[in-house]
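**Q** Hints in hand, dock the two standalone chains.
Quick note, the sequences are listed as chains A and B, same order.
Taking the working numbering, the leading residue of the first sequence gets 1, the next gets one more, and so forth.
Taking the working numbering, the leading residue of the second sequence gets 374, the next gets one more, and so forth.
There may be inaccurate statements among the hints.
What the hints assert, rightly or not - Pair by pair, the computed Cβ-Cβ distance ranges are:
#, chain 1, residue 1, chain 2, residue 2, range
1, B, Gln-506, A, Ile-357, 19 to 27 Å
2, A, Ser-353, B, Ser-530, 51 to 59 Å
3, A, Asp-9, B, Ser-530, 25 to 33 Å
4, B, Pro-443, A, Glu-215, 52 to 60 Å
5, A, Pro-57, B, Lys-589, 42 to 50 Å
Bear in mind the hints are in silico, worked out from the structure with no lab data behind them.
Built from N, CA and C at the ideal position, the CB exists for glycine as well.
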Amino acid sequence: MKTFHDLRDKSLQELLDGRKQGLRVVGTYCAYCPKELILAAGAVPVSLCGTREEPIPAAEEELPRNLCPMIKSSYGFAITDTCPYFALSELIVAETTCDGKKKMFELMDKKKPVHVMQLPNVQDSEAALKMWAGEIQRLRLRLEEQLQVTITDEAIWEAIRLVNEERQALKAVHDLNQGNPPLLPGLNLLTASWTVKFASDQREVIRLANQLVAEKRAQAPQAKSGKPRVLLTGCPVGIGSEKVVRLLDELGADMVAMENCSGYKTLDIVASEEHKDPIMALAEKYLKIPCSCMSPNPHRLELLKSMLHDFQVDAVIDLTWQACHTYNIEAYDVERLVKAASLPFLHLESDYSTSDIESLKVRIEALLEMTDK
Amino acid sequence: MITLGLDIGSVAAKGVLLAPNDKWQVVVPTGWSPRDAGQQIIAELTRSASLERLQIDAIVATGYGRISVPDANKSITEITCHAKGLTSLLPEVRTIIDIGGQDSKVIKLNESGRVIDFAMNDKCAAGTGRFLQVMAQVLGMDVSDLADAEDPSETVSINSMCTVFAESEIIGHLAQGMSRGGLIAGLHQSVAKRVAGMAARVGVVGPVAFTGGVAKNTGIRRALEEELKAPLLTPEECQFTGALGAALLARNL
Ligand code: SF4
Ligand code: SF4
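With the rest of the complex left out, here is chain B (with noise of 0.2 Å):
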């Protein structure tokens, strides 16, 4: 059976195309069609296998932009499809931490790979990678070089959860100039303290997979383990987990 998982994310879009014994995986931007870039990977990854469409037997869509992607047999969201694609590279794991650029997500899950819970943010952009984009404008920088840059050992607190008060708290900061490197690792702890609190609430059990883009960001993870007291751990590729769960999913189609 030949299935292909899509997950249409608000930034970027994934795909997965599953044969019995091979993989393909491709990336492209989302742009402003969720509905292009599911076609645009479709039809890169069936290049790339050098298949036909009518060879792919299921798909399924997951992400944000799941129900505009018409070629898709069916739509799952992002919590299943997260759950099932992570359990299948790492079948310990009991909760899942996701941040992502719009939304955060905590998982959790029973001893057989089971949602059996879960909690998101997606009202609001404290906890997910949008406020480390706006925090790195205010330092002029680059979100990508954030984590680098931190320096643990000065962190200074950043005490608003709301991204327009906390961009003038920093600002405050940068004019009683405070170490850069502290600023930045409170920043991390800030998201940190909010996604370890959301997921307080779903109660954490171990082992604790660690993934979205904001996962590739050293500095949230060590601030995230210090929060929660437990290691994280992430999949190699852990980008394209939710679409790997869909491809997975479709099988049962």
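One chain only, chain A, in its complex shape (with noise of 0.2 Å):
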């Protein structure tokens, strides 16, 4: 586990070395985006993803306050120079997701340039795929002309190739939580999926992923765990706003999953290999992610079900982002799905400062204590 924790540091570095000898560093906000392409660019994808509350009163300046901690926090690395990846990055690649991300990186572009690609909200349609298909090929072109290289198909192929081997090593990081007892702690397992984030080299991540589980499966206890298993859905958290993920380890649950696009979300989506067109494969598989920008997002209620099942959990925790509207709005049916398997759930409200430590507190205490565990 170690070696996780010490990941994001390490490639800071390499990075930095890197970057005196050519290495070109591309910014990304989201799990839409297709970090294949930067891969086959030559290039390395990081996440700039804002995770802590720091940058937010800066962010205020420019941003409304009722808005989503994590786009603050976001543009508030941008424009306070503190995120060493921003400042690596050359190109930023964004996304049109929800309302906010989207109107805030059209004030990001003025601090240095960023790709938006046109994201389509619906899944199931031949017109959006071809739409989105379109927007991977624009990308394309982009980061051809940004970074002064040509993008071959079998370049992609072999990002891609590799990208669906990175997702099946970390899914199987996850899934180490499936038995009883589980095997990675809710905290290390959130800094594992966050930190490999910030990776200079795939192949680094699916190194450490194999290792870990590998280690952790030779030294598994044989005792049960007794603490109640809990699933956390809902927006994404990194380290910094983690808050929820520690009171749970705090008060004595098993955090055993996360299904949100910093969890699970996207674990089990691969490319197809099979595909004539790799821009295609692409676009297939990204348009699957089941985020609560496409309408409507009946594929996260199906994940969900089945991970309820395989992580043989015992109670929901949907944790919803101030303003974040998307994810408010689907806990209503996330609500119905749960309590329909007679499972106990909370919706929470917060954002990332430590305000509302104590009232979250009771009420997640309050969750465990239903659970009879």
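**A** Written out as structure tokens, the structure is:
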């Protein structure tokens, strides 16, 4: 696990060193960014998604206060120039996911070039798929122009195989928690899923993930855990915005799984290697992501349903960041799904500050008491 | 088995000592130190019951100060303790509405008295005793006199949910010479609407119990019954349900 903890710092050093030798870095903000194209261009994709409270006051000088903290944090890092990864990135790839993000990107473009991909909001439509494939092709051209390279089909296929392998390796890490006892404590699960987004080398991620899985399986304790097994869903969480994950740990629960896009949401989705056209393979893959910005978004409920079963879940927490309308509204359907499975459900609305820790604590504790464990 | 339940609220700390066939209870102001309040309760209860501290088998603490009681064997949330205490007194209840000084909550129970859902408001004064306290001040009255002074036949609706805005709304109405009794009825209605809204999210199933410090206010009770279109049950000494639940749950330790 230590190797995962160190991955972020190590990658930063490698990127800084690599930069001097001509290494190119491209920043991303969301799971919809087809990072295979960036890899195929010979560049390194890094996640710039803001998960910390610190830059929010600066962002609030330009953005409304009543906005999702993830958007404010991301923007705050950009304008205060306090994120080394942002500084390293020469191009930002963004998507029109939710309204707050897309309008924020218009402002961010004034600081650094932002390439915005027009993401359709429907999944099961030929027209949407065609449009999205067009957007992926447009990104390819933009990357070629920006980085002065040619992105060949062969290079994309190679990146597809690499990322598919990475997804499967990470899925195996998450799946360590399907059994009882779960093999990865919630905070470690979060750390592992978060730090890999900064990796300078995807092969390193695969190697670390395989190693972790092998180690944990070899040392798996016999004794079962009697703690309540909690699934976290909703908005993405990272280090800096992990208060709910931390509270679960402090209050004696096992957070066994995260359905959000920082966790399991994208892990099952791999690009088909059978396609003729790698762009179509990518378009199909990414349009399948069950995020609340899709309308409707039935696959999130299907995924949740199977996770409740696979991870032997005792209770569900749905975390919505303040002013995230799409996840906030979907909480209604999630609640019905969870209650239909006769499991306790808790919907939390919060932000990155610690001002509501006490009130979160009572709610989470009461939820855990409802599980009878 | 002899057990003790402590409910350390933000204003008052309550304690219940349970022996197989006997019960003692006490309430003290929480003051600055939840820890001292807890110890004071333990001392007073053991004295009234002529027991030694060591004869108490288990102590459970609940309420906002529940983690600051070193004497407790376990802390359990007020949601679970309230439900336990209340169903021991009124087993048929399926929904509990509790309005306290700083927060309000709605707890939903199944047929066997288990908590199946809850909602809490502790971020904002609206819908809590605090709101009434502030408004009583604006009217120059004591909060305990509000219920007797209301005049529901002349109810003046208060539109602002926010305590600060409601305050200026009241001042404006007073300046226009509106009846004080009607305004008070409007305040009660405002709290009731807010809490009923929270209850609707959880889904109200009867019979419904009404507890917490504010349950003594008959004006709120009237308004809440109107909003929920259901009669509200309140056990005697409803102030102690949390502590009673804690003492009962301590029997399982
Ligand atoms: S929640 Fe959806 S829009 Fe937000 S980062 Fe994740 S995938 Fe992208
Ligand atoms: S959490 Fe919600 S509001 Fe925030 S960026 Fe993601 S989709 Fe948008």
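**Q** With reference to the structure, classify each hint as holding or not holding.
**A** Structure-based check of all given hints:
1. Remark: the range hint 19 to 27 Å for Gln-506 of chain B to Ile-357 of chain A is upheld by a beta-carbon distance near 25 Å.
2. Separation of Ser-353 of chain A from Ser-530 of chain B is about 34 Å and departs from the stated range, judged on CB atoms against 51 to 59 Å.
3. Taking the beta carbon of each, Asp-9 of chain A and Ser-530 of chain B are about 59 Å apart, not inside 25 to 33 Å as hinted.
4. The supplied range of 52 to 60 Å is broken by Pro-443 of chain B and Glu-215 of chain A, whose beta-carbon atoms lie about 40 Å from each other.
5. Hint check: Pro-57 of chain A to Lys-589 of chain B, Cβ distance near 43 Å, so the stated range 42 to 50 Å holds.
Against the hints set out earlier in the document, violations occur for numbers 2, 3 and 4.
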